[in-house]
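Engineer: Sequence:
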Amino acid sequence: MKKIILLFAAIILSANVSLAQKIGYVDTEYILNQIPEYKAAKAELDKTSADWQKEIEVKYAEIDKLYKAYQAEQILLTDDLRKKRENEIINREKEAKDLQKQRFGVDGDLFKKRMELVKPIQDKVYTAVKTVAEKAGIAIIFDKASDMMMLYANPKYDKSDDVLAFLGYTKKTGK
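The opening residue of the sequence shown carries number 23 in this note's numbering; numbering runs sequentially from there.
Certain hints may be false.
Claimed, not checked - In silico SDA-like pairs for lysine to any residue, Cα to Cα no more than 25 Å straight-line: (1) K81 / D68; (2) K134 / T70; (3) K193 / G159; (4) K61 / V140; (5) K105 / L88; (6) K123 / Y82; (7) K123 / M137.
The set of hints was computed from the structure by calculation and includes no laboratory data.
Please put together the full structure from these sequences, using the hints given.
Structural biologist: Here it is in structure tokens:
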């Protein structure tokens, strides 16, 4: 009987403690868009990505031109020349695909560039979020910008501006 009473008391106490925990949320997309370094990094990534995409499109246009020339001359070519041209087209396609994978693949140049430019800013924001949460005594902070769905969020728990202030930035635009 004592065990049941102790278990019941422990459940009630743990329920009260969990109800007393504070929660908050931040909008990391909003925070990042307020930071000039992030905007500059994002612009640089966009420009680099566009340049690399043009480079790849030029390669595919050259391949297309070679293929059309090959089709027009195919009847006039000997078997050896035909195979040589086909191999050249195939090799160029492979090179273009390899370049595309190198630039935009999972661990490609764009990913590395993003890690180089954006990750330090994101790390700085996440460290600030942790510090703001600890100072405010908040147990949990949700990220409103992530895929987590919020049906309701009381604005008094929004800590985005506190994180920006901690980072030394001021609010520039309305939400």
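Engineer: Hint by hint, which ones does the structure fall short of?
Structural biologist: Result: no hint breaks.
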